[in-house]
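Participant: Listed below are the residues making up each chain.
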Amino acid sequence: MVVPRPGASSGPSVQVSIPPRRSSLPWRDKGGAHMRGDVRRAVIYPHRSVRGLHVTAARLVIAVIVAAFLSVGVYLARERLLFEHNRISRGLVELCDLTVLGVQTVDVFGPIGSTPVVVTKVFRFGDAPVRVGILFMASVIGLLAIHRRVQLARNFVVFLLILLLVAVGVMVFSQSFEIGSAEFAQIWLRMEVLVWLLVPWFSAFLFVLLEPAVWLGILWALAVQAYAFLWSAFRLAFCLAVVHYSGLLFVPLLWFCLGLLADLVYLMVFYSLATHTAIGRSWGKRAMWQF
Amino acid sequence: MAVLILLAKCCLGFAMAVLTLYAVRHYAFALYRLMLRRPRDTMELAGFVLPRISVLVPMHNEEKVAADVLRALVECDYDWNRLEILAINDRSQDRTGQIIDDFAAKYSIIKPIHRTDGAGGKGAALVQATQEATGEILLLFDADYFPGRAMLKMLVSPFCDPEVGAVMGRVIPHNTGASVLSALLELERAAGYQVGQQARHNLGLTPQFGGTVGGVRASALRAVGGWHVETLTEDTDLTFRLVVKGWKVAYVNRAECYEEAPETWAVRKKQIARWATGHTDCLHRFWKEVLASPYLSPFEKIDGLFVLACYWTAPILVLGWLASLVLFFSPEAHHVPVFSVALALVGYQLFGNQATFFELGAAALLDGNARLIYLMPLNLFNFFASTGAICAALFRYYAGRISGSSGPRWHKTKRYRENGHGKLFGGSNAAASLFIQGANGIYTRNMERWGA
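Protein chains in written order, with my numbering: chain E, 1 to 291; chain A, 1 to 452.
Be aware that one or more of the hints could be misleading.
Label pairs and their computed distance ranges (CB to CB) [said to hold, decoys possible]: (1) Phe48/A to Trp231/E: 37 to 47 Å; (2) Phe109/E to Ser403/A: 21 to 31 Å; (3) Val180/A to Val72/E: 13 to 23 Å.
Here are some chain E residues pointing at chain A (derived, C-beta under 10 Å) [unchecked claim]: (4) Val50; (5) Ile65; (6) Ala67; (7) Phe69; (8) Arg131; (9) Leu144; (10) Asn155; (11) Val157; (12) Val172; (13) Phe229; (14) Val251; (15) Thr277.
Residues on chain E that point at chain A, a partial pick, calculated with CB under 7 Å [stated by the list, open to error]: (16) Arg48; (17) Arg51; (18) Val55; (19) Thr56; (20) Val170; (21) Phe173; (22) Thr275; (23) His276; (24) Ile279.
Just so you know, the hints here were simulated from the structure itself, not pulled from any lab data.
Where is the CB? At the ideal position from N, CA and C, for every residue including glycine.
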């Protein structure tokens with residue numbers, strides 16, 4: 001049932017019939033006078049409120065192709081990628097002078113199969129509970145100091161403190177719960193491989209669609225993919241080092257902050273950089289003005 | 001233990017489902033706003049539709065800013081024969097009343113209203129002013145806003161459509177350089193207006209009337225029962241009372257008006273707590289009416305519920321985090337990563353409370369705002385701060401509902417402007433050079449000053 005809206009049957013009715021209009025686009029000024037700056041601009045830019053981006057079907061197709069190409073590439077090269085990932089993280093672990101006990105093969109998930117991961121010695125709570133206590137107190141004091149001085153980070157610090165407290169609770173009251181370096185690396189890779197497969201799709205719609213120069217958009221997507229791979233290996237090595245010295249104490253913190261959150265932060269950083277570079281050019285190239 | 005794990009899985013699944021829906025909605029808005037053409041803009045009619053209007057400016061202890069907004073309003077290019085400005089002194093204890101009287105003595109279109117008793121708050125002030133207003137259209141400005149010369153015509157133009165009951169303009173913070181927070185809020189506001197509101201307008205959904213830099217048709221206001229003084233967010237309340245009765249809300253992106261954003265976290269937390277409480281209160285009062293309204297399309301109903309429940313995303317996100325923490329330490333740990341990926345993705349996309357990172361970037365791209373976009377990753381901290389403040393506010397709200405207490409009180413947002421005694425638009429005030437008024441009457445930011 002269609003119910004007439006209240007104003008529809010009463011009040012003044014205004015007939016509006018103005019043909020669609022698009023302003024002259026400055027980059028179509030063949031002489032390029034507006035670019036030289038020696039004469040007045042050929043057009044007055046409309047207000048920013050009536051601006052949009054002109055996205056062609058071809059651009060959409062390119063974005064999908066790039067995303068599919070990178071995702072399929074990650075899948076096809078998964079063994080090589082995981083091997084290199086392990087090689088980098090192992091190299092970094094050895095650089096930190098940690099005791100490497102060997103290499104263990106772990107399952108990642110489903111079609112990805114298995115991969116070798118580095119095995120390091122892991123600190124156990126029962127080995128030195130005093131060390132855990134000292135580390136915990138030092139961390140709490142440090143976080144409280146940040147909480148007091150940096151207003152911007154207050155709730156984030158509270159989030160970290162909760163994770164720390166949960167970890168201590170588990171260490172003290174459920175000492176049977178343990179995570180070895182191989183298990184941690186397995187969980188890590190399950191997450192990161194999924195990220196490597198998903199990131200191209202984000203890149204396609206964040207960079208390839210918005211960047212005025214399509215090749216630059218593709219470059220941004222490739223850069224993010226490469227960064228995701230390398231940064232993952234660095235973070236895994238760092239996490240293994242922390243687990244080596246402090247056991248379970250910082251594991252939730254590492255997982256929830258240095259894991260996916262860190263992945264999303266670098267995606268954010270790349271996106272802000274790409275947007276910054278795109279802003280200047282898109283105003284003159286791919287903008288669409290409407291009234 | 002098995003029950004706890006099952007419960008955790010259910011909570012995580014629920015959180016993921018809800019947040020994914022919100023994330024998809026925000027993505028759709030951003031892509032639609034960026035890339036698709038918009039419908040006819042009523043701005044083309046600005047200046048051709050000139051009904052009699054009343055501009056309502058409620059003020060409570062606003063001596064720092066009162067003169068600026070009144071001066072800006074009298075400088076507007078609206079026909080004075082069809083304009084009245086109702087400057088409401090709502091029980092101020094500073095010089096606000098005197099400033100209003102000075103302006104009223106000088107300009108015949110300013111009508112002073114001095115409230116000395118009765119209920120306090122913006123809603124109560126608006127009720128009294130509405131009774132005395134003679135205009136067909138009531139425009140609203142908070143005291144800390146800077147309307148440009150053409151603003152009134154812009155805001156009035158959508159009312160040429162007799163179905164439009166309310167209209168909303170765009171709010172832009174002017175004190176971006178004051179702190180990291182105010183800079184982050186500019187990004188968030190830009191995403192909310194340039195992308196969110198405009199996309200909803202374009203898609204035929206309901207842009208939200210914000211209670212300032214906007215207007216309402218007097219007859220529509222009367223038809224839906226006038227202002228509700230007991231609500232914390234009278235703007236959301238009015239928006240939904242209008243739309244469920246069949247009125248439309250329009251958004252005019254070009255009607256840009258500058259405001260003061262919170263510069264400290266304490267002020268910001270109070271502000272967002274008030275929004276969260278008021279919004280959620282509206283959810284409880286309107287969800288049935290939204291679903292039952294014969295005037296709303298299915299998409300409008302769904303989007304209306306999304307808008308009303310938007311502050312629930314914060315506690316739902318926390319619930320999801322807690323569930324994933326439980327699962328992390330359970331024997332089911334190997335299931336966590338896939339869940340966490342989805343949760344983190346959809347959760348983080350929502351950071352900034354009302355705007356996804358994609359919307360922040362889209363708004364910066366459309367505005368050409370390259371200066372602040374580097375700060376976007378820092379919005380992580382804004383996200384955590386907002387999440388905490390919203391959860392605390394909703395906890396207090398529901399605790400109050402259960403215990404039957406009177407509910408939270410309205411907090412006036414702190415003003416930061418110094419020496420605002422009418423010198424902003426023409427005096428030697430330092431703030432004056434922050435804005436340049438163009439030939440079209442629109443105030444825009446003096447980028448040399450803002451860049452510095």
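Participant: Take the hints in turn and mark each one as holding or not.
Facilitator: A quick look at each hint next to the structure:
no. : hint                             : in the structure
1   : Phe48/A to Trp231/E: 37 to 47 Å  : violated, 57 Å
2   : Phe109/E to Ser403/A: 21 to 31 Å : violated, 48 Å
3   : Val180/A to Val72/E: 13 to 23 Å  : violated, 41 Å
4   : Val50                            : holds, 7 Å
5   : Ile65                            : violated, 18 Å
6   : Ala67                            : violated, 15 Å
7   : Phe69                            : violated, 21 Å
8   : Arg131                           : violated, 21 Å
9   : Leu144                           : violated, 16 Å
10  : Asn155                           : holds, 4 Å
11  : Val157                           : holds, 9 Å
12  : Val172                           : violated, 13 Å
13  : Phe229                           : violated, 16 Å
14  : Val251                           : holds, 8 Å
15  : Thr277                           : holds, 9 Å
16  : Arg48                            : holds, 5 Å
17  : Arg51                            : holds, 5 Å
18  : Val55                            : holds, 5 Å
19  : Thr56                            : violated, 10 Å
20  : Val170                           : holds, 5 Å
21  : Phe173                           : violated, 11 Å
22  : Thr275                           : holds, 4 Å
23  : His276                           : holds, 5 Å
24  : Ile279                           : holds, 4 Å
The structure is inconsistent with the numbered hints 1, 2, 3, 5, 6, 7, 8, 9, 12, 13, 19 and 21, although it conforms to all the rest.
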